[in-house]
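Colleague: So you can see what is in the structure, the chains are spelled out below.
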Amino acid sequence: MSLIDLATHAGARSATPPSLILEVKDLVTHFPVRNGIVKAVDGVSLTLERGKTLCIVGESGSGKSVTARSILQIVDAPGRIVSGAMMLHRADGTSVDLAKFNPRGREIRAVRGREIAMIFQEPMSSLSPVHTVGDQMMEVLRLHLDMGKKQARARCIELLKQVEIPDVERAIDRYTFEFSGGMRQRVMIAMALACNPSLLIADEPTTALDVTTQAEILDLIRRLQQQHGMAVMFITHDMGVVAEIADDVLVMHRGKVMESGTVDAIFHSPQNDYTRMLIGSVLKLEQKAEIRLRRSPIADETLPVLQVRNLSMQFGSGKNALKAVDDVSLTVKPGETLGIVGESGSGKTTMGRCLLRIYDPSAGAIDYRRPDGSTLDLVKADKETLKACRREIRMIFQDPVGSLNPRMTVAQIVGEPLLVNRIAAGKQLDDRVADLLQQVGLEPSWRERYPHAFSGGQRQRIGIARAIALNPRVIVADEATSALDVSLRSQMLDLMMGLQDKLGLSYVFISHDIGVIRYMCDRVAVMYRGRVVETGSAEQVCNSPTHAYTQALLSAIPRPDPRARSIHRRHRYTAA
Amino acid sequence: MTDIAISHVDSRQLAVASQWQLVWWAFKRHRLAMAGLVVTAFFYIVAAAPGFFAVNDPSQQNARAAYHPPQGVHFIDLAADGSWSVRPYIHPYALKRDPQTLQAVYREDETRKSYIRFFGTGYAYKLFGLFDTTTHLIATDNKSEPLFLLGADRLGRCVYSRIIQGAQISLSVGLAGVLLSLTIGIVLGGLSGYYGGRIDFAVQRLIDFVLSLPSIPIWLALSAALPHDWPATLNYFMITLILSLTAWAQLARVVRGRFLSLRTEEFVTAARLDGASEWRVIFRHMLPSFTSHIIASISLAIPAMILAETSLSFLGLGLQPPTISWGVLLREAQNIRSIATAPWLFAPGAAVVIAVIALNFLGDGLRDAADPYNK
Numbered sequence: 001m002s003l004i005d006l007a008t009h010a011g012a013r014s015a016t017p018p019s020l021i022l023e024v025k026d027l028v029t030h031f032p033v034r035n036g037i038v039k040a041v042d043g044v045s046l047t048l049e050r051g052k053t054l055c056i057v058g059e060s061g062s063g064k065s066v067t068a069r070s071i072l073q074i075v076d077a078p079g080r081i082v083s084g085a086m087m088l089h090r091a092d093g094t095s096v097d098l099a100k101f102n103p104r105g106r107e108i109r110a111v112r113g114r115e116i117a118m119i120f121q122e123p124m125s126s127l128s129p130v131h132t133v134g135d136q137m138m139e140v141l142r143l144h145l146d147m148g149k150k151q152a153r154a155r156c157i158e159l160l161k162q163v164e165i166p167d168v169e170r171a172i173d174r175y176t177f178e179f180s181g182g183m184r185q186r187v188m189i190a191m192a193l194a195c196n197p198s199l200l201i202a203d204e205p206t207t208a209l210d211v212t213t214q215a216e217i218l219d220l221i222r223r224l225q226q227q228h229g230m231a232v233m234f235i236t237h238d239m240g241v242v243a244e245i246a247d248d249v250l251v252m253h254r255g256k257v258m259e260s261g262t263v264d265a266i267f268h269s270p271q272n273d274y275t276r277m278l279i280g281s282v283l284k285l286e287q288k289a290e291i292r293l294r295r296s297p298i299a300d301e302t303l304p305v306l307q308v309r310n311l312s313m314q315f316g317s318g319k320n321a322l323k324a325v326d327d328v329s330l331t332v333k334p335g336e337t338l339g340i341v342g343e344s345g346s347g348k349t350t351m352g353r354c355l356l357r358i359y360d361p362s363a364g365a366i367d368y369r370r371p372d373g374s375t376l377d378l379v380k381a382d383k384e385t386l387k388a389c390r391r392e393i394r395m396i397f398q399d400p401v402g403s404l405n406p407r408m409t410v411a412q413i414v415g416e417p418l419l420v421n422r423i424a425a426g427k428q429l430d431d432r433v434a435d436l437l438q439q440v441g442l443e444p445s446w447r448e449r450y451p452h453a454f455s456g457g458q459r460q461r462i463g464i465a466r467a468i469a470l471n472p473r474v475i476v477a478d479e480a481t482s483a484l485d486v487s488l489r490s491q492m493l494d495l496m497m498g499l500q501d502k503l504g505l506s507y508v509f510i511s512h513d514i515g516v517i518r519y520m521c522d523r524v525a526v527m528y529r530g531r532v533v534e535t536g537s538a539e540q541v542c543n544s545p546t547h548a549y550t551q552a553l554l555s556a557i558p559r560p561d562p563r564a565r566s567i568h569r570r571h572r573y574t575a576a
Numbered sequence: 001m002t003d004i005a006i007s008h009v010d011s012r013q014l015a016v017a018s019q020w021q022l023v024w025w026a027f028k029r030h031r032l033a034m035a036g037l038v039v040t041a042f043f044y045i046v047a048a049a050p051g052f053f054a055v056n057d058p059s060q061q062n063a064r065a066a067y068h069p070p071q072g073v074h075f076i077d078l079a080a081d082g083s084w085s086v087r088p089y090i091h092p093y094a095l096k097r098d099p100q101t102l103q104a105v106y107r108e109d110e111t112r113k114s115y116i117r118f119f120g121t122g123y124a125y126k127l128f129g130l131f132d133t134t135t136h137l138i139a140t141d142n143k144s145e146p147l148f149l150l151g152a153d154r155l156g157r158c159v160y161s162r163i164i165q166g167a168q169i170s171l172s173v174g175l176a177g178v179l180l181s182l183t184i185g186i187v188l189g190g191l192s193g194y195y196g197g198r199i200d201f202a203v204q205r206l207i208d209f210v211l212s213l214p215s216i217p218i219w220l221a222l223s224a225a226l227p228h229d230w231p232a233t234l235n236y237f238m239i240t241l242i243l244s245l246t247a248w249a250q251l252a253r254v255v256r257g258r259f260l261s262l263r264t265e266e267f268v269t270a271a272r273l274d275g276a277s278e279w280r281v282i283f284r285h286m287l288p289s290f291t292s293h294i295i296a297s298i299s300l301a302i303p304a305m306i307l308a309e310t311s312l313s314f315l316g317l318g319l320q321p322p323t324i325s326w327g328v329l330l331r332e333a334q335n336i337r338s339i340a341t342a343p344w345l346f347a348p349g350a351a352v353v354i355a356v357i358a359l360n361f362l363g364d365g366l367r368d369a370a371d372p373y374n375k
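These protein sequences, in sequence, are chains A and B. Under full-length UniProt numbering, the first sequence has 486 at position 486, and the numbering climbs by one with no breaks. Under full-length UniProt numbering, the second sequence has 99 at position 99, and the numbering climbs by one with no breaks.
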């Protein structure tokens, strides 16, 4: 399905009135808190047209979700719409102002699901686990359209077929937990389409999904939009997705609209400073880091610091056994960054955790070369040796919130490894902590604060400070930037690379984000279902992958350039 | 997402606020819980020094005051010349007998006044069981005219003073019983949650067994088995033990659950990778994360203990007179005659209700405030 197709289709439809579906003017939504008001949405205006996709893009806390929820009047308490108008233009030529409806009233309920449908980020929590898919969908049909049981079931099957659920006749009687994340999102979309809405609001519908699944869902939404002529309001933080699907873009920041325009204008001639910064930080991750380009290459004959040989990790036993890591071999050289990329369930996190023996591998060896040149197998290491090695191999965690004990001050958190290993205490410890905080770009005087006083990016810096406290040689970074907004990501990666040069670190960098991998890593291993399917230099893997899975993975990634839309040309990979 | 629910505090203060500071801020916003805290604190202060708050010796009998009704306290003292002052006093009651039925009738003698004094002298007692003193919070000027704020019972003993004396036993049974079950609960629940596997299985089945026991019949059977000639203190400890034998299972579940969920927290993994010993991981990293939860479950377990003791003693199987507890006092109100002639004998029941409600409100508030890091 190409773009031209879509344009002609939309053109043909525009003959039927009205093309304008929703006009939002100066929408203001406030969340009263004890000591004032949080202006979550502060004067947002937008228009949605039939057959067009509007992307609302912004970082966390920008008010993009609240904007969408305000339209359907489902803002979480205590938030409320303060002012503004939301004119919904109906097919029969009448118009209503949604802002004037009582949030619990009958009028708005008639609009929800019927004229404006919404899909959410986490499909599992929006679906009932105790009803079959068919039951849930039929209820919508019978309530809104007064269908009989048989008729509803037939319509259900038709809808599920539209969203490409395989084996529909059987799937309709299954429970939602029997479906994968992507399939659940398809069911949600089918439910949203049940009453032929004129507007579909999609709130980060692909954020929880893998890129290959995301590509399928984006494709599906686009095709359904063409068929039904709906307007789509798509909320996302991913500029790649925006470039791929948007007709128009609205950039939000702290509740305000920074810029709006056609997708081409936003990406290729942004006017606003914030938009420019946002696009800039996305584009930065499309190429190699400058720091890495300046480095001299690592000599081939350098002995590896870590050599993983035929590592396997099996959970459970007998019939329920799950091989999370299956016969993986890798090498990490001193001063090098090895990227491990893969989708959820590929075993990359388990692999990383095996390196530190958080999990005990079931087979294989991890040869670690000590600073004195001797090697030892971490899999067989005893408690004391392991403790010594864990001072040299450290970890950075994904979750900047969960990995810092909220009950300890930053000084205590960063100083903990120094204290328990009896390296420093008292005044000396305090000085060292201050020094570490300075190295990761935090104010040393903040060390008496607790983690809750810091933002996500700052917390991740605290995690990095803790990791480098013991002067390690290898750091395993598990999705270290995934929880961060895109504008912070490259900053964090630059910090990590700066520290690498300064302290002579090797990184094992685990990520699902190929952009981050390309920016940061020297070599890449691609994991799929517990196995490494391809290893090679970052350039080779990212630009000319040899394995079919890697090709499929790379082609599914939306590029942040609306002039080079590519995911509809993606490869599909099915494991033999 | 971690979001601190407190927004009315200065952000600079918030940045360096420890767990307990955050818990306290969250707790303070819970009005009912604050009221519960004040009432509970007041009850425990009274229970700590019952002699000081009592008016009459709680075990002193008075044949001339059987079923003496509660006396009204007057606050405004009108002098003969018409001037007035605020000075609490009572009119002593005179006992008369109905010439036909021989029923005792108490009538207020309005010609006489007995003034009430704060920090006056009364019967001798030991403050905190240590210091001999005769000072009471309130006392009458004239010792031969006893003050019965809540009336007197069958033997002419002051109900008010007995409730206060009984608070000591009833409230401490709750506390001691919970502490005992907490010890068992933390040890077994901790073992179960931390080690998992077979130990977990064994402890969980034991908990299932204990929870499946019908608690009231078990209490009845066990306390009926206690020899009646045991001294009051030993009896008291045995009752506490019996009550905690079944109560620990719930607490063990709570502790195990917290351990299980904390074991997978990333900051615990991080501490382990930092090289912290098992001991340090448990006591420095894990325990502070659920002490607040434990305190909340304690404050919710105490009222159940109090109620259990009250029921047992009421049925005559718990503590025995002359020990004074609220349950023992309520035994006086077991028959129809007392309902008809002396409804004030139910006052200990009111004390139980107030204490239990206050503790429940306190516990609810603590539970809501216990984890200030998750909304």
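Honestly, the hints are just simulated from the structure, not real lab data. Certain hints may be false.
Now the in silico label distances, taken between C-beta atoms and shown as ranges [claimed, not checked]:
hint : chain 1 : residue 1 : chain 2 : residue 2 : range
1    : B       : Q204      : A       : V130      : 57 to 63 Å
2    : A       : Q227      : B       : W20       : 46 to 52 Å
3    : B       : L241      : A       : I74       : 52 to 58 Å
Chain B is nowhere near these chain A residues, computed Cβ spacing over 10 Å in every case [as the list claims (entries may be wrong)]:
hint : residue
4    : A77
5    : G261
6    : I358
7    : R394
Please read these numbers as outputs of a predicted model, since none were measured by experiment. Note that CB positions come from ideal geometry on N, CA and C, so glycine has one too.
Colleague: Each hint: holds or not?
Modeller: Outcome of the hint check:
1. B:Q204 x A:V130: 57 to 63 Å: 26 Å, violated
2. A:Q227 x B:W20: 46 to 52 Å: 59 Å, violated
3. B:L241 x A:I74: 52 to 58 Å: 54 Å, holds
4. A77: It holds; A77 of chain A is separated from chain B by about 13 Å at its closest Cβ, greater than 10 Å.
5. G261: It holds; G261 of chain A is separated from chain B by about 32 Å at its closest Cβ, greater than 10 Å.
6. I358: 6 Å, violated
7. R394: Check fails; 7 Å does not lie beyond 10 Å.
Checked against the numbered hints listed earlier, the structure breaks hints 1, 2, 6 and 7; every other hint is satisfied.
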